[in-house]
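*Asks:* Start from the sequences, fold in the hints, and give me the full structure.
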Amino acid sequence: MADARRETIVNIVLAVALFVVPAVAYVIDEPFFITLATRVAILALAGVGLNLALGLGGMVSFGHAAFFGLGGYVAGVLAHHAFSGTPVFWGIPGTNQMIIIWIVAIVLSGMLAAIIGALSLRTSGIFFIMITLAFAQMLFFFTLSWPAYGGEDGLPIFVRNQFPGLNTMRIWELFLLSYAVLMIAILLFRMVRNARFGAALMAIRQNPDRAAALGISPFGVKLAAFALSGMITGLAGAMMADLTRFVSPAMLAWQMSGELIVIIILGGVGRLFGPVAGAGILVAFEVFFGGITEHWQFWLGLVLLGVVLFARGGLIGLIAGRDRHG
Amino acid sequence: MNALLQIDGLQVFYGGSQALFGVELEVREGQAVALLGRNGMGKTTTIHALCRMLPSRAQTLRFAGRDLRSLSSYQVARLGVGLVPEGRRCFPNLTVTENLIAAARPGAWTLERVQEFFPRLGERENQYAATLSGGEQQMLAIGRALMTNPRLLVLDEATEGLAPVIRSEIWAAIAALKQEGLSILLVDKSLADLLPLSDHCVVLERGRTVWQGPPEGIEEEVKTQYLGL
Numbered sequence: 348m349a350d351a352r353r354e355t356i357v358n359i360v361l362a363v364a365l366f367v368v369p370a371v372a373y374v375i376d377e378p379f380f381i382t383l384a385t386r387v388a389i390l391a392l393a394g395v396g397l398n399l400a401l402g403l404g405g406m407v408s409f410g411h412a413a414f415f416g417l418g419g420y421v422a423g424v425l426a427h428h429a430f431s432g433t434p435v436f437w438g439i440p441g442t443n444q445m446i447i448i449w450i451v452a453i454v455l456s457g458m459l460a461a462i463i464g465a466l467s468l469r470t471s472g473i474f475f476i477m478i479t480l481a482f483a484q485m486l487f488f489f490t491l492s493w494p495a496y497g498g499e500d501g502l503p504i505f506v507r508n509q510f511p512g513l514n515t516m517r518i519w520e521l522f523l524l525s526y527a528v529l530m531i532a533i534l535l536f537r538m539v540r541n542a543r544f545g546a547a548l549m550a551i552r553q554n555p556d557r558a559a560a561l562g563i564s565p566f567g568v569k570l571a572a573f574a575l576s577g578m579i580t581g582l583a584g585a586m587m588a589d590l591t592r593f594v595s596p597a598m599l600a601w602q603m604s605g606e607l608i609v610i611i612i613l614g615g616v617g618r619l620f621g622p623v624a625g626a627g628i629l630v631a632f633e634v635f636f637g638g639i640t641e642h643w644q645f646w647l648g649l650v651l652l653g654v655v656l657f658a659r660g661g662l663i664g665l666i667a668g669r670d671r672h673g
Numbered sequence: 011m012n013a014l015l016q017i018d019g020l021q022v023f024y025g026g027s028q029a030l031f032g033v034e035l036e037v038r039e040g041q042a043v044a045l046l047g048r049n050g051m052g053k054t055t056t057i058h059a060l061c062r063m064l065p066s067r068a069q070t071l072r073f074a075g076r077d078l079r080s081l082s083s084y085q086v087a088r089l090g091v092g093l094v095p096e097g098r099r100c101f102p103n104l105t106v107t108e109n110l111i112a113a114a115r116p117g118a119w120t121l122e123r124v125q126e127f128f129p130r131l132g133e134r135e136n137q138y139a140a141t142l143s144g145g146e147q148q149m150l151a152i153g154r155a156l157m158t159n160p161r162l163l164v165l166d167e168a169t170e171g172l173a174p175v176i177r178s179e180i181w182a183a184i185a186a187l188k189q190e191g192l193s194i195l196l197v198d199k200s201l202a203d204l205l206p207l208s209d210h211c212v213v214l215e216r217g218r219t220v221w222q223g224p225p226e227g228i229e230e231e232v233k234t235q236y237l238g239l
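The listed protein sequences correspond, in order, to chains Z and H. Under the numbering used here, the first residue of the first sequence is numbered 348, with each subsequent residue one higher. Under the numbering used here, the first residue of the second sequence is numbered 11, with each subsequent residue one higher.
By construction, these hints were calculated from the structure, which means they are not laboratory data. Keep in mind that this is a model prediction, so the values were computed, not measured. Hints may be right or wrong, so weigh each one.
Said to hold, decoys possible - Some chain H residues close to chain Z (C-beta under 7 Å, calculated; not the full set):
#1 GLN21
#2 GLY25
#3 GLN28
#4 PHE31
#5 LEU64
#6 ARG79
#7 TYR84
#8 GLY97
#9 ARG161
#10 LEU172
#11 GLU190
#12 GLY191
Stated by the list, open to error - Here are a few chain Z residues that sit away from chain H, every Cβ distance over 10 Å (derived from the structure):
#13 VAL363
#14 THR515
#15 ILE533
#16 ARG543
#17 GLY545
#18 MET549
#19 ALA558
#20 ALA559
#21 LEU561
#22 ILE563
#23 SER564
#24 PHE593
#25 GLY638
Quick reminder that beta carbons are idealized off the backbone N, C-alpha and C, glycines included.
*Replies:* So this is what it looks like as structure tokens:
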């Protein structure tokens, strides 16, 4: 179990680094890096959601942008109506309270994930990938062609939504909030993984027929995991909308789904802090190589290729050794 | 009539070829029934059909008063059929404890009790199942089935390929389970170990039940003709 101890150390280092970097930036007044760290935290949160489905359950969803985007639009639309003082529909008012927005985003994403899951979990492998992609694309084109909320142009959030006791317009305070939510989500992921539910989910990933012969319903367990996964990613979408103060169909595009998968693979599939490592690498590439060349994604692609070929466990696997996913 | 498991006229086809032509089998509450027959006569196929892991036809396929014919395999398991599959089939990349809790259902068998029953599973609780010895994996497979708190334990070749010392350990465990009143359906090649434990024997030959009766009733003729002894 030496590897497990090493992984714990890596996890602590990542958790501390994600806090210390923006803290230093705060002290020396470099808000740009605080924004980046917040972006890492929120992308990692979305990754934690996907990691539940992909890492523990082996469900390679190529449509998690649907939940991310839905969460984003919940934040955007509710803020839009709160700002203009118009009802959303049937007299329901908008809101600029993050807690309410988050709850709505979580509930709606969970419902959407339950519907998409119920239909797509009847398939597996490449068909599952394609069906989840198809659902996300449907939503993408829907937002693109629906003029009420900006359509193609997207929807700005003029003033960031509020959280009691914090001034979310100060990026440092928004970071602290995002960091806290990320840590809670990681804790939740850990609880799920160590619970009977997690064991059943991993058993199904390894052999669904064998699990069924022992009384585990593969469909039921996977559907519950997929819905929970969508909820977390949807919450991340709502938070991302508030960070960028802008929602657009791009949040629902297939590239976003791909980005989330890349985050998981770079960090380490199924690893507790894999999404944090992956999101960190992705954002670092975007910023540093993006500053040098427009084609930074080419270099990211090379790194991804290297990881897939030579370091299947991602960054955490490279440092802490292979785990059960090897 | 308090048959826990009742199978009548069970037929199974693998594609175009028929494997079972009418298996008859009954297990009563608290009984240990031995399913006998040479290799390839349909013992494992019968078990797979019982667990609904294979499509099958049957006049009767009942367990605990429920018709199994329209159920899926996880529903059969939840009714109380605890399968210990041939070749053990643990989840290699789960730890011993994860293997045990994954399919656990509430009842008298808890993690603590299984660890008490097989102390080695307690000692190795955080080890991956893939790193266990064959005997330990077999204990894990039995423990995993017990954790589902079954009404009928189905053991398919539970001592296959194990060292003699381990085999006698496993047989002792099975005897202890029988002593507690658990109903058991047993498949094994070692008649010397199997028969003393069994209350009733069912002999299969080419996918049919050809003989049944108490173990002491197995005559030389049955042994030579159907069991290849």
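*Asks:* For each hint, tell me whether it holds in the structure or not.
*Replies:* A quick look at each hint next to the structure:
1. GLN21: GLN21/H check fails; min Cβ-Cβ to chain Z is 21 Å, beyond 7 Å.
2. GLY25: Since chain Z brings no Cβ nearer than about 18 Å to GLY25/H, farther than 7 Å, the hint is violated.
3. GLN28: Status violated, d = 22 Å.
4. PHE31: Where the cut-off is 7 Å and the nearest Cβ of chain Z is about 24 Å from PHE31/H, the hint is violated.
5. LEU64: Check failed: Cβ of LEU64/H comes no nearer than 11 Å to chain Z, outside 7 Å.
6. ARG79: Because about 17 Å separates ARG79/H from the closest Cβ in chain Z, which is outside the 7 Å limit, the hint is violated.
7. TYR84: holds (4 Å)
8. GLY97: Result: violated, 11 Å to nearest chain Z Cβ.
9. ARG161: violated (12 Å)
10. LEU172: It is violated, given that the least Cβ distance between LEU172/H and chain Z is near 20 Å, above 7 Å.
11. GLU190: violated (21 Å)
12. GLY191: The hint is violated - GLY191/H has no Cβ within 7 Å of chain Z, the shortest such distance being about 21 Å.
13. VAL363: holds (26 Å)
14. THR515: holds (41 Å)
15. ILE533: Holds, since 20 Å exceeds 10 Å.
16. ARG543: Label violated. Min Cβ-Cβ 5 Å, cutoff 10 Å.
17. GLY545: Since the minimum Cβ distance to chain H is about 8 Å, GLY545/Z lies within 10 Å and the statement is violated.
18. MET549: violated (6 Å)
19. ALA558: violated (7 Å)
20. ALA559: Contrary to the label, ALA559/Z does not stay out of reach of chain H, its closest Cβ about 4 Å off (not over 10 Å).
21. LEU561: violated (4 Å)
22. ILE563: Contrary to the label, ILE563/Z does not stay out of reach of chain H, its closest Cβ about 5 Å off (not over 10 Å).
23. SER564: violated (5 Å)
24. PHE593: holds (42 Å)
25. GLY638: holds (41 Å)
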